[in-house]
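Chain order of the listed sequences is A and B. Take any residue in the first sequence, count from 1 to its spot, add 16: that is its number in my numbering. Take any residue in the second sequence, count from 1 to its spot, add 16: that is its number in my numbering.
Note that these hints are calculated values from the structure, not bench results. There may be inaccurate statements among the hints.
Copies of the same chain look alike in the list, so a pair counts if it works inside one copy or between any two.
[What the hints assert, rightly or not] As a list, the in silico DSSO-like pairs of lysine-lysine whose alpha-carbon atoms are at most 27 Å apart: (1) K572 with K28; (2) K343 with K99; (3) K84 with K74; (4) K350 with K481; (5) K205 with K195; (6) K168 with K205; (7) K402 with K336; (8) K343 with K162; (9) K596 with K505; (10) K62 with K92.
Protein chains: 2
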Amino acid sequence: MAKEYVDISTLKYLLYDVHQLDEVLQQDRFSDHDRESLNLFLDSVKEFSDRELFPYFKEMDEHPAHYKDGGVEVHKQVDVMMKQGGEMGLISSVFDYDEGGLQLPMMMYTASAFIQDAANNHLPGYVGLTMGAAELIIHFASQELKDTFVPKMLSGDWGGTMCLTEPQAGSSLSDVATKAIPQEDGSYKMLGQKIFISGGDHQYAENFVHLVLARIEGAPAGTKGISLFIVPKNRPVADGSLVSNDVTTVADFQKMGQRGYCTTHLGFGDKGDCRGYLVGEAHQGLKYMFLMMNGARIAVGRGATAIATAAYHASLEYAKERPQGRKLASTGKKNPEQGQTLIINHPDVRRMLLLQKVIAEGSLSLVLLASRYYDLKETLTDQSEKEKYSLLLELIIPMVKTYPSDMGAHAVSNGLQVLGGYGFCTDFILQQYHRDIRIFPIYEGTTGIQSQDLLGRKLLLEDGKALQLLTEQMTQTIQSALQYDGLKKYAATLGEKLQEAAKVIQHLVGFAKKGDYERFLSDATPFMEYLSTITLAWIWLDMATNAKQALVTGKKSYTEEFYESKIHAMKFFFKYELPKTLGLAEVLQDDEVLTIAGEKEVFN
Amino acid sequence: MAKEYVDISTLKYLLYDVHQLDEVLQQDRFSDHDRESLNLFLDSVKEFSDRELFPYFKEMDEHPAHYKDGGVEVHKQVDVMMKQGGEMGLISSVFDYDEGGLQLPMMMYTASAFIQDAANNHLPGYVGLTMGAAELIIHFASQELKDTFVPKMLSGDWGGTMCLTEPQAGSSLSDVATKAIPQEDGSYKMLGQKIFISGGDHQYAENFVHLVLARIEGAPAGTKGISLFIVPKNRPVADGSLVSNDVTTVADFQKMGQRGYCTTHLGFGDKGDCRGYLVGEAHQGLKYMFLMMNGARIAVGRGATAIATAAYHASLEYAKERPQGRKLASTGKKNPEQGQTLIINHPDVRRMLLLQKVIAEGSLSLVLLASRYYDLKETLTDQSEKEKYSLLLELIIPMVKTYPSDMGAHAVSNGLQVLGGYGFCTDFILQQYHRDIRIFPIYEGTTGIQSQDLLGRKLLLEDGKALQLLTEQMTQTIQSALQYDGLKKYAATLGEKLQEAAKVIQHLVGFAKKGDYERFLSDATPFMEYLSTITLAWIWLDMATNAKQALVTGKKSYTEEFYESKIHAMKFFFKYELPKTLGLAEVLQDDEVLTIAGEKEVFN
């Protein structure tokens, strides 16, 4: 195992210096918090992660969660994560005081969950899903349902899950077929199957509260007929005790990675005795679920960022310690009489490490930015400002979910490569990160689905207003960067990319205007890569401008080398990553149609 | 498990139509073979792979090779692979008749090994390394050593290995420290440790013949002082029996993938009683090893190609059977009343499948082309023609090893993505391909090492003559393609790319001319990606031109759809893959130096 999995300095730098958490703290909701109290919280999370999460990372992979006798057995640290996590407020931290929460900003929640994910990505999901389920209940369910279910969830005694996917429907929620039959007492009889339910069952919770998408008998077809139900594993009865609610753990899914984080197949109502409780109004289930989706998608981006970060630190540590080969002499030869050099001195190894760094730290900055937008849209009182941050969040969300996942996987693969043959061996941890991170481009809507959301919905939102707002944000950064000679070149490049992007978008939107939606969306995934790469260039230019400012003004919270390393990383991103957009712009403007199904078989 | 793992039609099309195996067969060495006899051989290999390799693929992963009581236990099919493979001539097929071989062309060997690799990549390595070790002995060792070791290796009774890597040296062979101390009887006392030895020990061979790089006492430092030794696990003594030769299996390496293909750590001479037998002359070890390296590197490219191919077929099969979601209507909406569509009808899924197809089939064409160059350089009698194909082979070898490995891993990841959540589950096979293929960018010289070989050695070979020859080959294809209206556009594009590449190369070589070798090679890996992408565009244009010719002339061996699908794939490559070179050309001509170690710490 590596010795370190995150760089707390970079995390705090992004929180306070680049993304100005102090500004967010000025909102009423956060008036009890200040930098000092938040840092104490972060430190306690780091200490908890060092002690209870990180040391068990490898063994949770080696001894996966598994189905046994109708239930799922998980590692004992799941118990610690739920109970101690509950006590520390990790489940409730962002909720209001009167819901049992700490009223922490989303930025701080993201930062603290990032540390936990980086320490051991098999554990925080148990807490995260419980929080997500509780959030749905708090927002949309009746007071009685809240009182019945929420307190036990926030304490970590009961687990929570989200039950969307069904075997026959996959990601297509219009095909949800789980049935809910109204009963005289106001409850519903539930009947159906749900698959890929993370944290769906284990020996350390006395109950599970499943949030289930289902269709009330007679409801309209498609997503319009979907309602949301609380379906507990055990239902509370009049005397306050729990009785079995006919929820069966049918099986588990054994996976390539995240093997300590159980994935279950649940059956509801096999014996005809499963009760569900409607959340909010009938047929509004998808709307409720989607109101929570932004948080869930930030969480996926954050988790992938965390794995890429931990992998970066593990490979960096190896590169700093491993002697191998020699530096090239000016003759192009190597001198065998010379001593070995550390592999971190080989340019290609440095390239792979810097690539990991720009992806990991760039992704972290992106998820913190999304969290900042989230906080501002939730807490600002000025309606137009609220609307602005809401639109900005909507637009970047698909990228926040996708870039860290796709490029994080690429970063981890480069980390593995730094170790050579050892990277492939189970004695080293890189191969586990490589396996774990591969689910992130699939979680919570695959890359393909996110890309269609970005191009097909978000870009057109309010006649392109979200995009206009994002462009303004980028333009502000360009203006700031232009003040510094050393950054002018990069600011100008980003400006050119924005102009190019406007053309590309105009070209694509042309298909939508002609009603050719299939064509419009057929290259949504390359478009995602295109816009994300430009967005990350902005993220890095913003970080570099902030660093430059600190160096120029002398108002430094970190060493000079620290700031200069951020500027160096920005330059790396602009040299090695941003040029991808040249090819992608060509792909997106190429008029040849090759991926729309026609009559001819093209897979011969 | 999927039903099919290769497309034999495409394999035969590439062998006979695109790469003209019949022309190679006209050489004297192959006079006993014709298309019919070779097809019978291929069919028997496919039948053997269907029966003995493919059905055990998943269980070899689930029950990995493992260290036990001083040895390694492997799956029982290793025995079948060695013994039946030996009987079928799979170990000896390319050797001369008088060495016990079948005098098969390398093209046919590559095709047959490709089928085996695709069926189950955990098994053919046992046979392949035994063949490689035997080849070294046949070429460079004394008749006595040949007689002693080779027959038992070709029959599959004894295993063979290559022992290069040592714990302290990694890929840096100048640091090999295994000692060889001359003895009075002409043998050497061996002392040292070797790691990452594939197929180094198991219960199904009565002996192992290790080909070991070591340093004779007093030899010069660096690669100049390295000699090659045969070091058997058990050495034959006067009466013909075997006695232990003090070779210890110290441990095995447990790996993320290829878990049925054992990887060992061997100790030589722990008790001071390990004998080695010098192969050829002293201090020539590295030269001998490198003469075999081209074959080894084709084999790695071929193995990665095979995994990408099998993964493509598995995901294609899934996409053709899995209903999910609906096609977009011209309103941009989906109609829930409409029935579900198969996922192969979604453009993004088609894009991922076509991406896999162009990588897998393009890589297969590339490894067959390398095998063709190999055959021609070995068998042609005209010295200048021999030299020509030798140079062409030298130039493309690093790409042949790297492109299928790096891009094959990318292809497999896309195949996994096609399955969504199921792709991550062990009930489906994609995740195994994803794990297995990840070693290929590391095997036999990592991507970084291959890239330095390409840019630093091969491009400069004989004043750039190899590059000139390759450019001529590409230009010929462009000329042929220009004859067809439907291909003109693509031919012109490739022509432009060649001109651009000449500029990029001139720019880079400028650094070498100034003696700045570190700088020259610092972006060797992006250069590898750049030149490989152009080379693959050529490979695809060549295939499309051949297909077009068949369609136009009516001389068809396959259906019209078959040929058209190859042209479609070429267009896909030109639209979606070739534009990458735009960004890469910019990277390679950017003068900012960011990856050469300086005084400042850039990893903060």
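Exercise. Measure nothing new, just compare the shortest in-copy and cross-copy C-alpha distances for K84 and K74 to 27 Å and report within, between, both or neither.
Key: both (22 Å within a copy, 23 Å between copies)
Self-check item: Intra- versus inter-subunit Cα pairing at 27 Å for K343 with K99
Solution: neither (52 Å within a copy, 46 Å between copies)
Practice problem: Evaluate K350 and K481 at a C-alpha cut-off of 27 Å and name the case that applies: within, between, both or neither. | Solution: Between. Shortest inter-copy distance 25 Å satisfies the 27 Å Cα cut-off; intra-copy 58 Å does not.
Self-check item: Up to 27 Å CA-CA - K336 versus K402, copy category
Solution: neither (47 Å within a copy, 46 Å between copies)
Quiz item: Which holds for K572 with K28 at a C-alpha limit of 27 Å: within a copy, between copies, both or neither?
Solution: within (13 Å within a copy, 67 Å between copies)
Quiz item: Is it within, between, both, or neither for K596 and K505, if the alpha carbons may be no more than 27 Å apart?
Solution: both (18 Å within a copy, 23 Å between copies)
Quiz item: From the Cα coordinates, with 27 Å as the cut-off, is the pair K343 and K162 best called within, between, both, or neither?
Solution: For K343 and K162, neither the intra-copy (65 Å) nor the inter-copy (40 Å) Cα distance is at most 27 Å.
Self-check item: Status of K92 relative to K62 across identical chains (alpha carbons, at most 27 Å)
Solution: within (20 Å within a copy, 48 Å between copies)
Quiz item: 27 Å Cα cut-off: does K168 pair with K205 within a copy, between copies, both or neither?
Solution: Answer is within: at 24 Å inside a copy they meet the 27 Å cutoff, but 71 Å across does not.
Quiz item: When no copy is specified for K205 and K195, does a C-alpha distance of 27 Å or less occur within a copy, between copies, both, or neither?
Solution: within (8 Å within a copy, 77 Å between copies)
Checked against the numbered hints given earlier, the structure breaks hints 2, 7, 8 and satisfies all the rest.
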